[in-house]
Structures are given as C-alpha cells and as structure tokens.
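Listed here are the chains, written in short residue letters.
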Amino acid sequence: MERRELFKLLGAGLVVACDGAAQYSNETLAPDVSNYKPRFFSDQEFVTIDALTEIIIPADGQSPGAHAAGVGFYIDTVLHYADAQEQQAWRNGLASIEATVQSKFGKAFLSSSPTEQDQLVAVMARNERAPATDLERFFPILKTLTLEAFALSKIGMTQYLGYYGNIAQQEFPGCTHPEHQTI
Amino acid sequence: MHNESRVNRTFDVCIVGSGPGGGIAAYALASAGIRVALVEAGSRLHAGIDYNGHGSAYAQLEERLKAGHRNPFPSVLDFSERNHFTAVGDRPGHSLLKALGGRSLCWAGHSLRFGPADFKRWPIVYEEVAPYYDRAERLMGVYGSRDGLWNMPDGIFQKPVRMRCPEMLLKRGVLRLKAKGRVMDFVTQRKAIPTDHGWKRRPTCHYCGQCMNGCDIDSKYTSANTPIPLALRTGNLTLLTESTMTRIVMETDGRHVRGIEYVRSNGDTADIQCKALVLACSTIETARHLLIAGIANASGQVGKNLTSHFGVDVIAIFPELRNRDASNDDGTDYFHSLLTGLYWDKPNPNFEMTYQVQCGAGLNPKNLGIRDAPGYGSTFKRQLRYLNVCHAVMDMQGPVAVSPNTYIDLDLERRDRHGLPLPRVHLKYGPNDVAMAKDMVATCVEVIRVGGGEVYSQPTEITTDTLSVDPNHWVGTVKMGTDPKHSVVNRFGQAHDVPNLFVGDSSVFAAYPEKNPTLTNIALSWRMSDYLADIAKKGELG
Numbered sequence: 001m002e003r004r005e006l007f008k009l010l011g012a013g014l015v016v017a018c019d020g021a022a023q024y025s026n027e028t029l030a031p032d033v034s035n036y037k038p039r040f041f042s043d044q045e046f047v048t049i050d051a052l053t054e055i056i057i058p059a060d061g062q063s064p065g066a067h068a069a070g071v072g073f074y075i076d077t078v079l080h081y082a083d084a085q086e087q088q089a090w091r092n093g094l095a096s097i098e099a100t101v102q103s104k105f106g107k108a109f110l111s112s113s114p115t116e117q118d119q120l121v122a123v124m125a126r127n128e129r130a131p132a133t134d135l136e137r138f139f140p141i142l143k144t145l146t147l148e149a150f151a152l153s154k155i156g157m158t159q160y161l162g163y164y165g166n167i168a169q170q171e172f173p174g175c176t177h178p179e180h181q182t183i
Numbered sequence: 001m002h003n004e005s006r007v008n009r010t011f012d013v014c015i016v017g018s019g020p021g022g023g024i025a026a027y028a029l030a031s032a033g034i035r036v037a038l039v040e041a042g043s044r045l046h047a048g049i050d051y052n053g054h055g056s057a058y059a060q061l062e063e064r065l066k067a068g069h070r071n072p073f074p075s076v077l078d079f080s081e082r083n084h085f086t087a088v089g090d091r092p093g094h095s096l097l098k099a100l101g102g103r104s105l106c107w108a109g110h111s112l113r114f115g116p117a118d119f120k121r122w123p124i125v126y127e128e129v130a131p132y133y134d135r136a137e138r139l140m141g142v143y144g145s146r147d148g149l150w151n152m153p154d155g156i157f158q159k160p161v162r163m164r165c166p167e168m169l170l171k172r173g174v175l176r177l178k179a180k181g182r183v184m185d186f187v188t189q190r191k192a193i194p195t196d197h198g199w200k201r202r203p204t205c206h207y208c209g210q211c212m213n214g215c216d217i218d219s220k221y222t223s224a225n226t227p228i229p230l231a232l233r234t235g236n237l238t239l240l241t242e243s244t245m246t247r248i249v250m251e252t253d254g255r256h257v258r259g260i261e262y263v264r265s266n267g268d269t270a271d272i273q274c275k276a277l278v279l280a281c282s283t284i285e286t287a288r289h290l291l292i293a294g295i296a297n298a299s300g301q302v303g304k305n306l307t308s309h310f311g312v313d314v315i316a317i318f319p320e321l322r323n324r325d326a327s328n329d330d331g332t333d334y335f336h337s338l339l340t341g342l343y344w345d346k347p348n349p350n351f352e353m354t355y356q357v358q359c360g361a362g363l364n365p366k367n368l369g370i371r372d373a374p375g376y377g378s379t380f381k382r383q384l385r386y387l388n389v390c391h392a393v394m395d396m397q398g399p400v401a402v403s404p405n406t407y408i409d410l411d412l413e414r415r416d417r418h419g420l421p422l423p424r425v426h427l428k429y430g431p432n433d434v435a436m437a438k439d440m441v442a443t444c445v446e447v448i449r450v451g452g453g454e455v456y457s458q459p460t461e462i463t464t465d466t467l468s469v470d471p472n473h474w475v476g477t478v479k480m481g482t483d484p485k486h487s488v489v490n491r492f493g494q495a496h497d498v499p500n501l502f503v504g505d506s507s508v509f510a511a512y513p514e515k516n517p518t519l520t521n522i523a524l525s526w527r528m529s530d531y532l533a534d535i536a537k538k539g540e541l542g
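Those sequence lines, one after another, are chains V and X.
Mapping to my numbering: the first sequence position 170 is 170, numbers consecutive.
Mapping to my numbering: the second sequence position 256 is 256, numbers consecutive.
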C-alpha cells in the first residue's frame, strides 16, 4: 500500500496497523555483533570497543545493553566513513587504552579480566568534565557515539527509553493527568 | 543549443526566491491574472522521498554515510548551505535552504501574529495587516488556542495540540506567579499544521514529530506544497528551478529594472525581461544582490538595521514525573508551548523590547533533550532516562538590539561559483542583549521552581559569549519606511528609488518583536502583491 493511501485511510477513521517492514519503523537491521566483520576497526579493536561500550551501557534490569543493541556495528560504520581527524581520535584513544592496560596490569586489553576492564573505564571517566590525558579525552568521544548508537537502536528506543512513537496517530493525546492540570 | 530558453522570456513580474515570501507572491499575483516567472536556485524536492525521518537509523546508516551525511535520517537540512557567507563578530550564522520552498521546508511552523504594540515603529499599523493575517492563516492551516492576548492576537485557528506533562508543570508555575500578580502567559504554540480532520487542502497532521526535518506527508505548510501548486494551476506561473539569479539588469535610465540574468544548472546563462521584479531571496541574500547591483540604496540603508533573534536555554527537571508513562511525545515536534506576554504592558527598566520562551519536552530518541548525564554503567542509564522523562527545555527568543555594528556588506575576497561576492554578516551583541538574557534566565528559573521543578542546567554566567543567534530569523536589511532618506522600501515593499522593484521577504521589517517572523513575512508579501497587482492592472508598470 502506498503511504499516501494509508493516510487517506487513517484520515477516514480506519484503524490500520503499521507494517513493521514499511517505512514507519523503529526496527533495526543491526547484525549480531558477535559475527560482524568490522571495516574500520581490526577484529581485536572491535572486541575491545564492544566490551567498552557494554561497560558504559550494560545489560541490566532496565534493558539489554550496548552489545545486544548492535552499538559496535553503528560505531564501526560511522567511523568507516568518518574524516581522517575523527578516525585518528579513535586510533589515539585505542592506543591510550592499550598503553594504560599494559602499564597497569602488564597485559593486553583482550587478556584483561572484567574487573580490570571496569577499573580501566573508571580511570577513563574520572575527569569527564575536564579531561586532561589522552585516555580521559577519549572517554567523552566514546560515550557520545555509544549513546547515539544505543538511543537509535531498537533495544535503546523501546526497551530502555520506553519510546513508542514514530507512528501515525489520529490525534495527539498530550497530558491528561488531572494532577497536572491544576494550580 | 538551448533555444527554448529564448522563447517567451518576457513576463509581467519576475519573482526571485520561492521561500515563504516568494511563494505567496507567486500565488497572489498569478491568481490576479498576472504572468509570473518564479526563479529558484534549488530543485524541487519530494516529501517522503528526498526527506523522510521515519526509517530505521541502522538500516539507512550505510546509504546515508556513503552519500556524505552524518545524520542517519534523510532531512531537508541535507540541502542547506551553511558556508555561503562570511561571519564577522559574535558568531553569526546563516542557513540557506536551496530547494523549491526554501526555508519554509525546514521551518517549525510557529505562526504568531505581531500585535498592535509591535507595529509601533513601523509605517503601518496592525489593522492594515490583520486582513492579510486572516487570509494567510486560512490558506496555511494554522492550529492554536484562542487565548485573548492583546499583543499576540488570536487568528483563524484549527484545534490546538495539547502540551505534554512537563510543559503542563511549567504552565502551573506561570499560573502560580500570575496569581501573585506577575504579568505573563503560558499558551499552546500556534503552528501552520492542520489538525482539523475535515480540512481539505493538505493532509491532517499525524503527530510524528518530524516537522523540522521536513514533513513527509506535506501536512505542515510550505511554499512548495500550497501556494506554488495553486499558482501553477492558474496557468499564469512559469516555474524556473535550478536557476540562480546572477545579475539584476537595469534600464539605461538606471531607475527601472529591465529584468534579470540567471544561470541554469547546466551552466547556461539565460535572461528574463519583466515589468516588475520581486526579490524574496532572504534578508541576507536580497540585501547582497541590491549591494552587488548598487541599486535602491540612495538612503545608504541597504544591509543596515540587521537583526535576528538570539537566545539561551534553561532546562528544567520535574522529579514528580519520574514514574510517568513511557510515552509518545512526538506531536508537532519539540515545542508545544510558549511563555509570552512578558513586558508588553510595562517595559523592564533594564532593557528595551522583550522576549518569549518556547517550551518543549519529549522522549524522542533522535533528539534526546539531555545527553550529558555524567558517569557510565547502570547508574548512568537510570539517571539519563530519569532526566529525559522529567525534563522540559525553555528556549528563549528575543531580538538583537539594532545597532551600527550589526549589518551585512560584501566580501570581495570570497566569491560564489558565479564570481559574485559572498555576503559578510556582522554581528555584535550589546548591553541590551545581555540584560535581556539575564532577565530571561531569572524568569525561567523562577517559573521552574514555583512550578515544583528543579533547574538542571542554565548558563553559569551571561556574557556576549554565551548568546547564540538564530540563523533563520534575520530581518531588517531592506527596511520599510515613509522617508526615502532613512528607508529602502515604502510601506508596501516598493523600492523608493526603483519603482518597479519590490521586496517580498522579511528584510523589509521595520522593527522586530520577540515573535517568529514567517507569518508576518507571508502577510506582508501578500499585501505587497495586491498593491503590485493593482499597479499592473492600471497599466502603470510600463
């Protein structure tokens, strides 16, 4: 059905369920990042980014986390097309992570334990408002794109935020709570 | 090669620019039986195809990035040109949207009548414009509530769109302050988006919240979806898209326009002869073309009197909303409400003029209001969701005080691809602007606290560095007035020095209130067109 016809029907008061595959959709085609072949990151870097984003937005009682939402796919794709400066910022960030893990724990990030990875992120995030080192400067960069990717994923939109918009409505309900209508 | 471009190149009126002002002029003139050419630099875009915010970010990402866009959703803003000017001073901006319909494609639709007090420093009064507001609102399809405010008169409205919970709590704050004698009002926004299901001209809104990315069903009024199609239907309009005016051609007397030259997308130059020329290229571009041509400027006022709206943001949190329903707050985009009526009756002793505050809320993941919650992990997740559920943004809008430091002139170093100098936009904030912004923040903070909320963020210190200008709201560079020594066009938008040159965009504004410019731009351009049509019918165009 053409969307225009759909709206004619909606205008005529008929209730039409929106097809999930149609243009009105919050669905995502995020691949399972476990089997994803990255283009900007190396395979090892991608696993690193996947682990870091999951620490920033973890699976918990609120919703699944960054890994399940496919955030790594989004970030890798954005960076694949990003300009050299943005790409370099991520290369530098990854380098500072490896350097920190080596000096702190004497091993590579991928050999570090979940506890050690948590400690690393705690160090990264300690000066969020006024980052001073390469490692600290990378945290807001990583977090900003992680949040963008998560908020735009199906899991982020629906299970985390509880957003059920991006649909056609006959009327806009707005606030009808009696307690909000009074002085 | 392109001989067809030599056929029938003579028109009664040539209009340059198809935005809000040019579109309505084309409709008004063509409907009056006048043969019109409308020249637009951009191409015709297709709603739902060239722009459409409804898809999945993940599904479209590759295609969008490959095409050079960072935003994963096709937006009309993909067609905006932001480098077509040189910025001087306090961070001016200028957004051009090169497409049929111009910036009416990306406007928010806010349609607020200027009131009687707002026309005080104009050569016309509210009552002269009111019939054109009526006509404009009928044609555009404007929703709003009848609030009875004396200096923002009610219009021809379709049914209003409700506010969301956080906006209702801001309203509560305003009502409590009013009960203590403060003068202000909190009302539903008024937008050129039809809400009455019986209305026939365009589809009724479906409340998806994508208005400013471009309405994909052409519900929101644009020049491209209403006046231009109606004008084409008269048979009197010739539409020339992808055609950029490169020169205004004058008669040998130097006092009359003979026509224009323009360049088509294939690089060919062509020309049009016309009995009258209407410029509606935008406040900055119209002044630029007049300066390049060196016409209509005996007053020396072309490019002067430039002003726009500036603002600062204050964000509120209402903790009592922490458990409110997961919701669909999309509506008609972010701002559903307006704090207004401030200092209309009694001016603030610390600054001239006044401001309004556009208020909005919502949980749309594409433009989450709050992204900067600190930390990470489950605590961050919980905090970020809480903040966004409970937040409302108060976005101030007040006019920059007109001064000799804010104007446009030509940049002889930077030229466009046709060799024409780009405009330089000079912006310099003054003490009036800073004093107004301080009062705005104080008012917003008071409304939030009295309404039961907390202030999440506000500018820590207001200086000229914390103000930001609206790059879409420029007015004033081709000021209207009765005295040819101090103004460029007369009370109808006709150039004092060049009687067959007319201006149909917001550059003619003689003074700027706090209210959004587009509805008044449309009303004035319609009024100008009626005046021009009268002259043409009397045979006085030569």
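In case anyone wonders, no lab produced these hints; they're calculated from the structure.
The beta-carbon is built from N, C-alpha and C at its ideal position, and this holds for glycine as well.
Do not rely on the hints blindly, as some may be mistaken.
Unchecked claim - Okay, the calculated beta carbon distance ranges per label pair:
1) X/E413 to V/K107: 55 to 63 angstroms
2) V/Q102 to X/R415: 52 to 60 angstroms
3) X/I292 to V/P173: 25 to 33 angstroms
4) V/A59 to X/I156: 31 to 39 angstroms
Pairwise beta carbon distance, V/Q102 to X/R415, judged against the given window 52 to 60 angstroms: holds, 53 angstroms
Does 25 to 33 angstroms hold as the CB distance between X/I292 and V/P173, or does it fail? For X/I292 and V/P173 the Cβ distance comes to about 52 angstroms; the hint is violated.
Can you let me know if the beta-carbon spacing of V/A59 and X/I156 is within 31 to 39 angstroms? violated, 53 angstroms
Between the beta carbons of X/E413 and V/K107, is the distance compatible with 55 to 63 angstroms? About 56 angstroms separates the Cβ atoms of X/E413 and V/K107, which means 55 to 63 angstroms holds.
When each numbered hint is compared with the structure, violations occur for hints 3, 4.
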